Each structure stands twice: as C-alpha cells, then as structure tokens.
Amino acid sequence: MTAKDERVGLAWEPECFSNEMRPQWEIDEPGVGAILTLVRQELHIGSWKKFSTEILAKGSASKVYAIHRDVKVDYIMRISLPVEPHRKTLSEQATIEYVRQHTKISVPEVITLSMQSSNTLGFEWTIMQRIPGDKLFVEYQVPLFNKRFPQIGSLYCKAELEALLSALPPSTIRPDSKGSAFLAQYCLGKIVSVPFFYHKNWRLDVYRGPYTYARDWLAARLQIAAADFGNQPIYSDGKEKASCGYSEDDAHEQIVDPDEARIPIELDDGVSQVHTTMGVTDNNEQSDDTNSDKKCENDRDDLEVDPRALRTAASTRSRIQRLINLLPEIFPRGGTEECMLFHHDLLGNSILVDQNHENSGIIDWNCIHTVPLWLGCQIPKFLHSREVKERPLFRTEFEDEADENHYWRLIEEHEKTQLQAFFLDEMQRVCPEWMQIHQAGSLEADFDLAVNTVALPAGATDHFERWLGQVEQGAEPLNLRSAMNQY
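The C-terminal position of the sequence shown is numbered 487 in the UniProt record's numbering, with every residue numbered one higher than the one before it.
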C-alpha cells in the first residue's frame with residue numbers, strides 16, 4: 001500500500017476568506033448503523049441489549065461519539081481522518097497509557113482501537129472508557145513536569161512501533177489494563193504534529209525526530225514553513241541533519257527508550273550530508289548580502305512596516321531566514337536537553353470536573369509529544385487571552401447582540417487575566433523549579449511561537465517584526481505572546 005493509498009478519505013480544502021487548508025472528509029462519513037455494528041462487535045454487546053450513539057464533538061480531523069448503554073454514556077469513540085496514518089492513533093494510545101501508569105492524572109482508558117483504515121468503517125478508530133464530568137479546567141502541570149525524557153518526539157508502545165516499522169501492524173489492538181510488558185515498554189519515535197502532516201507536508205523529505213536538540217526540531221519546522229513559499233532552506237548541523245524536498249520515502253527512525261539514562265543520544269546518519277544554501281553554521285556565518293540586509297534592519301529604531309508588504313511570500317521567506325540565522329545563538333549545542341510531555345492544545349472543553357467540582361479527567365491526547373522544559377513550563381492554552389486588567393462595568397442592557405457579545409468577551413478576558421496571575425502564583429508555591437524554568441525560558445518560548453506563526457497572518461504584524469528586530473539587535477525583546485494576544 002502506498003503512502004497515498006493510506007490517506008484515502010482525506011482531502012485538504014482552503015477555508016473561506018483564507019488560504020489556510022483544513023482537512024475534510026473526502027468520502028461519506030461512517031453511518032450510525034455501521035458504528036453501532038462495530039461497537040457491538042468489539043465490546044461484545046449482545047443483540048438483546050439496547051444501546052445508541054450520538055455525536056459528541058467534531059474536530060478538524062476527527063469526530064467523537066458518545067456510546068450510550070441504557071441511559072448512561074459508557075464509552076467514547078473517536079473516528080479519525082488519516083492525517084498521519086497509524087502513528088497518530090498509536091501515539092495517542094501510548095501517551096494515554098503512559099500518563100495513566102506514571103501519573104495520577106485521570107485520563108480515559110483505551111479499550112480497543114484500529115490503527116488501520118482497512119475495517120468496516122474505512123477509518124482509524126479508538127474506543128475509550130468514558131470519564132464522567134463536565135467540561136472545565138484543572139491543574140495538571142506538576143505530574144507531567146516531573147516525568148522527564150531525553151528527546152523531542154512522540155510516545156509509542158515499543159512493540160507496536162516495531163511491528164509498524166516491520167510493515168506488519170495488527171489491525172486491532174486491545175491493551176492489557178493489568179500492566180503487561182505491552183504497556184510497560186515505551187519509546188520515542190517520529191513526531192506526530194500538525195506542521196509535519198499539514199496538507200502536503202507529509203511528503204516533505206525532512207527529518208521528523210526524535211530530536212536530541214531543540215534547535216534541530218525548530219529548524220525542521222522552519223524548513224517546512226519555507227517549502228510552502230517556494231523556498232527550500234537546508235539546515236545541516238552535526239549528527240542530526242535535515243533536507244527539505246518532497247519525497248514519499250520515510251527517513252531512518254531511531255527508537256529511544258524514554259526511561260534510559262538522560263544522556264545525549266547519537267542518531268544514525270539516516271539522512272545524507274547536505275551543504276547549506278542558507279548560511280547557517282555554528283559560527284553564524286552569513287553572506288555579505290545577508291549581513292547588509294540585517295544591518296539595515298537593525299538600524300531601524302522603530303519598525304513601522306506596511307502590513308501589506310509583510311504578507312508577501314518574499315517577506316515571509318526573509319523572516320524564516322532570519323529565524324534560522326538566530327538558531328545557533330539562541331539554542332547553542334552542548335549538554336543534555338531535558339524534555340517533558342506537554343498538552344499544547346489544552347482547552348476548557350478538554351478538561352473535566354465532576355459535580356463536586358473535583359478533577360475528573362483530561363481528554364484529547366492526540367498529537368501530544370515531548371517538548372523542551374522551557375516550552376512545557378508555559379501557561380496552558382485555556383488561559384491564553386488578551387490582557388484586560390480592569391473589570392468591565394456591569395451592564396444589563398445592550399444596543400444589539402454584537403454589543404452584548406463584546407461585553408461578555410471582555411468579562412472572560414478579564415477573568416482569564418486574573419486566572420493567569422493565580423496560576424503562576426500557585427505554580428510558584430507548589431513547584432518553584434517549574435516557575436524558574438518558566439521565567440528563564442521566555443525568549444525560547446517566544447521563538448517557538450514565532451516559528452508557529454511566521455507563515456501565518458499573525459507573523460505579518462509589526463509586533464512580530466519588532467520582536468524579531470529586537471532579538472537580532474540583542475536588545476530586551478517585547479513579550480511576543482502577550483503582544484500577539486492583543487492583536
């Protein structure tokens with residue numbers, strides 16, 4: 001089966017009023033009858049027992065169903081588009097089981113799954129035990145912070161990843177909840193992350209981890225961003241090399257046991273040596289033209305640029321190049337870089353509490369992978385907001401619906417502003433080390449945000465340009481996330 005065949009049913013289409021591509025269901029979605037038949041078969045539910053299903057949530061790449069038996073919701077079923085065939089399903093299952101085993105965070109138990117689309121539904125699916133509770137948020141940082149990993153990558157159960165690499169994956173997996181060797185042996189493998197499989201990016205010939213150093217992970221993402229603009233930057237720096245061109249062949253994959261000693265792990269040379277065309281070296285050598293352009297940019301005291309000019313392909317390539325040039329300076333090699341699991345997309349509807357307002361569980365663990373500590377020690381996404389320090393005056397009358405919506409949005413932003421301060425105070429109290437890393441890693445975290453947004457409209461703003469110029473000049477930069485939240 002070719003890589004293209006594995007993605008049957010997946011289409012990428014542009015959003016209205018935007019060039020951003022979104023995954024779409026190219027063929028008919030599974031019907032309720034087919035879902036009920038599969039669930040009855042997999043869960044051994046007798047034909048005399050009544051049960052039903054309803055749609056619970058619709059994501060860009062998956063649909064979540066509640067499985068009712070009698071009047072209770074007993075199971076949750078996720079049906080996924082093949083944005084990252086096999087690996088997305090396997091990695092989510094391994095991450096959930098690892099968190100279940102090694103922390104006290106409540107997560108759903110995986111009952112059974114299919115990591116192949118060659119089944120009656122035509123898509124990969126996972127059935128999990130339902131966690132009771134209503135959607136809200138909860139502390140979860142410290143347990144994940146205390147579990148360290150030696151590299152950046154996605155978690156897999158070692159036996160299943162080895163089977164996948166042998167091209168003999170089982171179609172259905174039923175984890176042993178009693179803690180067998182299947183659950184005990186984990187490894188880090190290729191990263192399952194949206195930038196790496198977005199649209200045509202799955203075909204790019206770029207190293208996909210695991211990464212020993214953050215700079216190589218960031219460089220790979222910048223190469224992917226540049227490829228969308230007709231440019232192919234090459235980043236070659238030591239033993240972890242990456243090129244950027246379209247290919248359907250997978251690079252060599254290194255399997256790393258996350259429980260091994262925390263020492264730098266030497267990767268096999270699975271990608272051939274290449275010569276840089278972008279002037280990236282450990283000495284930060286650059287061409288005369290690049291230095292001249294950079295000097296002109298650094299001479300500007302106030303970066304007031306026409307936003308329309310910032311949105312061109314050439315300007316985007318320029319910003320990508322400037323970020324690549326900064327990598328050796330901000331992320332020097334040497335020593336061991338510790339990592340942790342980080343739920344980068346933790347929103348309010350992913351966190352559950354029970355009727356007593358106690359933590360009930362965290363759901364949606366797909367595309368979660370290990371990250372450097374400086375990125376894991378950041379304010380969770382559900383608290384991201386524009387800063388509103390003063391509470392809006394209480395109102396009972398509004399001119400129209402838009403006016404009312406604006407008022408309640410201000411209320412929410414004010415409350416999140418208060419909660420951010422409370423969250424940081426609590427982290428200082430319960431885990432001072434987390435807070436130290438949070439404060440020391442602000443530049444690195446902003447650089448990661450810059451990589452995420454450099455090719456998006458958010459990257460084409462004077463905030464982004466001002467931050468980048470300040471970093472290049474060695475000045476104290478503004479807080480990029482705070483500035484973008486105001487945007």
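Hints listed in this document are in silico derivations from the structure and should not be mistaken for laboratory results. Keep in mind that this is a model prediction, so the values were computed, not measured. Possibly wrong hints are sitting among the right ones.
No more than 25 Å apart at the CA atoms, straight line, and that leaves these computed lysine to aspartate or glutamate pairs for DMTMM-like [unchecked claim]:
#, residue 1, residue 2
1, LYS389, GLU412
2, LYS58, GLU29
3, LYS416, GLU472
4, LYS416, GLU338
Pairwise CB distance ranges, derived in the manner of DEER restraints [said to hold, decoys possible]:
#, residue 1, residue 2, range
5, ASP425, HIS68, 23 to 29 Å
6, HIS44, ALA313, 54 to 60 Å
7, GLU338, ALA314, 37 to 43 Å
8, ARG386, TRP12, 45 to 51 Å
9, GLU109, LEU36, 19 to 25 Å
10, THR336, HIS406, 31 to 37 Å
11, GLU412, THR120, 40 to 46 Å
Cβ coordinates follow ideal geometry from the N, Cα and C atoms, glycine included.
The hints, checked one at a time:
| no. | hint | in the structure |
| --- | --- | --- |
| 1 | LYS389 / GLU412 | 11 Å, holds |
| 2 | LYS58 / GLU29 | 12 Å, holds |
| 3 | LYS416 / GLU472 | 32 Å, violated |
| 4 | LYS416 / GLU338 | 30 Å, violated |
| 5 | ASP425 / HIS68: 23 to 29 Å | 42 Å, violated |
| 6 | HIS44 / ALA313: 54 to 60 Å | 56 Å, holds |
| 7 | GLU338 / ALA314: 37 to 43 Å | 38 Å, holds |
| 8 | ARG386 / TRP12: 45 to 51 Å | 31 Å, violated |
| 9 | GLU109 / LEU36: 19 to 25 Å | 21 Å, holds |
| 10 | THR336 / HIS406: 31 to 37 Å | 49 Å, violated |
| 11 | GLU412 / THR120: 40 to 46 Å | 43 Å, holds |
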